[in-house]
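One line per chain: the protein sequences are A and B, in this order. Residue numbering for the first sequence follows the numbering used here, starting at 1 and increasing by one per position. Residue numbering for the second sequence follows the numbering used here, starting at 1 and increasing by one per position.
Mixed in with the good hints there might be a few duds.
Note that the list lumps identical chains together, so a pair holds whenever it fits in one copy or between two copies.
Listed below are the simulated EDC-like cross-link pairs for lysine to aspartate or glutamate, each with C-alpha atoms no more than 16 Å apart in a straight line [to be verified]:
#1 K135 <-> D113
#2 K139 <-> D87
#3 K61 <-> E101
#4 K61 <-> D80
None of these hints come from the bench; they were simulated from the model. For clarity, every value in this text was computed on a predicted model and none was experimentally measured.
Protein chains: 2
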Amino acid sequence: MMSEEHSLFIETWGSMGVLWGINRSMARIHAFIMLNEKPVDLETVAGELDISRGNASMSLKELRNWGVIHRVHISGDRRDFYVAEPDTWRMLFKIAIVRKEREFNPAMQALRDLLANAGLEKGSGVYTRMNDLEKSFSKFDRIMKKALGNERKSRMMLDLLNGFRD
Amino acid sequence: MMSEEHSLFIETWGSMGVLWGINRSMARIHAFIMLNEKPVDLETVAGELDISRGNASMSLKELRNWGVIHRVHISGDRRDFYVAEPDTWRMLFKIAIVRKEREFNPAMQALRDLLANAGLEKGSGVYTRMNDLEKSFSKFDRIMKKALGNERKSRMMLDLLNGFRD
DNA sequence: TAATACGTTCAGAAAGGATTGAAATATGAT
DNA sequence: ATCATATTTCAATCCTTTCTGAACGTATTA
Numbered sequence: 001m002m003s004e005e006h007s008l009f010i011e012t013w014g015s016m017g018v019l020w021g022i023n024r025s026m027a028r029i030h031a032f033i034m035l036n037e038k039p040v041d042l043e044t045v046a047g048e049l050d051i052s053r054g055n056a057s058m059s060l061k062e063l064r065n066w067g068v069i070h071r072v073h074i075s076g077d078r079r080d081f082y083v084a085e086p087d088t089w090r091m092l093f094k095i096a097i098v099r100k101e102r103e104f105n106p107a108m109q110a111l112r113d114l115l116a117n118a119g120l121e122k123g124s125g126v127y128t129r130m131n132d133l134e135k136s137f138s139k140f141d142r143i144m145k146k147a148l149g150n151e152r153k154s155r156m157m158l159d160l161l162n163g164f165r166d
Numbered sequence: 001m002m003s004e005e006h007s008l009f010i011e012t013w014g015s016m017g018v019l020w021g022i023n024r025s026m027a028r029i030h031a032f033i034m035l036n037e038k039p040v041d042l043e044t045v046a047g048e049l050d051i052s053r054g055n056a057s058m059s060l061k062e063l064r065n066w067g068v069i070h071r072v073h074i075s076g077d078r079r080d081f082y083v084a085e086p087d088t089w090r091m092l093f094k095i096a097i098v099r100k101e102r103e104f105n106p107a108m109q110a111l112r113d114l115l116a117n118a119g120l121e122k123g124s125g126v127y128t129r130m131n132d133l134e135k136s137f138s139k140f141d142r143i144m145k146k147a148l149g150n151e152r153k154s155r156m157m158l159d160l161l162n163g164f165r166d
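The task is simple: from the sequences and hints, build the whole structure.
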């Protein structure tokens with residue numbers, strides 16, 4: 001059985017999932033795995049969280065793609081087991097980075113195109129506003145980069161990204 | 001007619017809307033209003049973006065609730081007109097703050113409850129991980145606050161927040 | 001007063017996402 | 001190879017969100 005606090009955490013994490021752009025099931029599974037000292041298997045996940053095996057299977061796969069959980073093997077057992085990525089700071093930002101690349105960067109690009117090519121009058125309110133907005137984006141960009149520290153995009157990170165392109 | 005760059009910006013902004021937790025229509029309307037030197041009316045919004053008046057009406061209302069656009073009046077005209085909030089940096093963070101309060105803070109609270117009351121063993125991996133996670137959340141919290149500068153929650157901001165509570 | 005213009009609301013339609021469950025596939029043991 | 005078990009896939013279904021459009025309310029004008 002699961003404690004009050006464990007359930008609360010799992011459900012809250014589930015709701016918060018949207019912040020990272022992951023759905024409820026995925027986020028709940030992620031929370032559940034984080035809360036387990038021992039590696040957990042698909043059967044347990046599906047049973048404890050009351051979701052289908054199919055859903056559990058796909059969600060685990062995607063969580064693995066995001067790099068926030070890992071598959072491990074236990075000798076003498078042929079089931080797959082899962083554990084959470086231990087580096088929490090990195091874990092949180094892995095998702096944020098990907099989302100930034102996918103959604104924020106194109107918007108910043110569109111904004112720069114607009115400023116460069118749309119022939120807005122330099123003195124106009126729209127120009128000023130868009131220029132300010134571009135500065136805001138750049139500022140946000142810098143904050144993001146700073147928050148990520150000096151961690152550079154690794155090969156893995158790029159692969160991950162490509163895997164998620166539409 | 002609308003330029004290539006304008007359309008691109010509108011659609012990109014629409015896609016990025018999910019980052020702020022606002023839907024495509026709302027985000028597109030927001031972009032459209034930002035791109036207009038002159039105040040725009042509902043009719044124009046619905047026509048140019050090809051959405052129903054009903055949708056436009058509701059979206060404009062919500063955008064106004066978020067505080068990212070404002071309603072203005074033009075004397076001699078009885079239609080309602082809309083303009084974008086001119087302070088872009090503030091505009092972007094208005095939404096981010098509300099979302100943080102709504103989704104991030106409860107998760108941080110659940111995490112703290114878990115650490116305080118779930119009776120996790122101090123030495124265990126789960127405890128360490130959850131403790132690290134709490135530190136990460138606090139760090140993120142600090143970054144957020146820093147990004148917002150020394151701007152304090154104004155009365156208006158609190159009203160806004162309350163308006164959005166479930 | 002009637003006629004027109006404008007804005008809002010909301011029930012139902014449409015679209016989009018998430019979930020299931022059964023079939024297909026894979027793996028390991030005997 | 002066969003059996004038993006574990007996992008993945010995906011079409012169908014369910015659920016949620018979004019959107020439409022007609023109906024209604026209100027204000028303005030004639």
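Going through the hints against the structure:
Taking the closest pair of Cα atoms, K135 and D113 come within 16 Å of each other only inside a single copy of the chain (14 Å); across copies the shortest separation is 39 Å, beyond that limit. In this homomeric assembly, K139 and D87 come within 16 Å of each other (Cα to Cα) only across copies, at 14 Å, whereas the closest approach inside a single copy is 27 Å. In this assembly of identical chains, the alpha carbons of K61 and E101 never lie at most 16 Å apart, being 21 Å within a copy and 30 Å across copies at closest. Taking CA atoms no more than 16 Å apart as the test, K61 paired with D80 passes inside one copy only; the shortest distance there is 11 Å, against 50 Å between copies.
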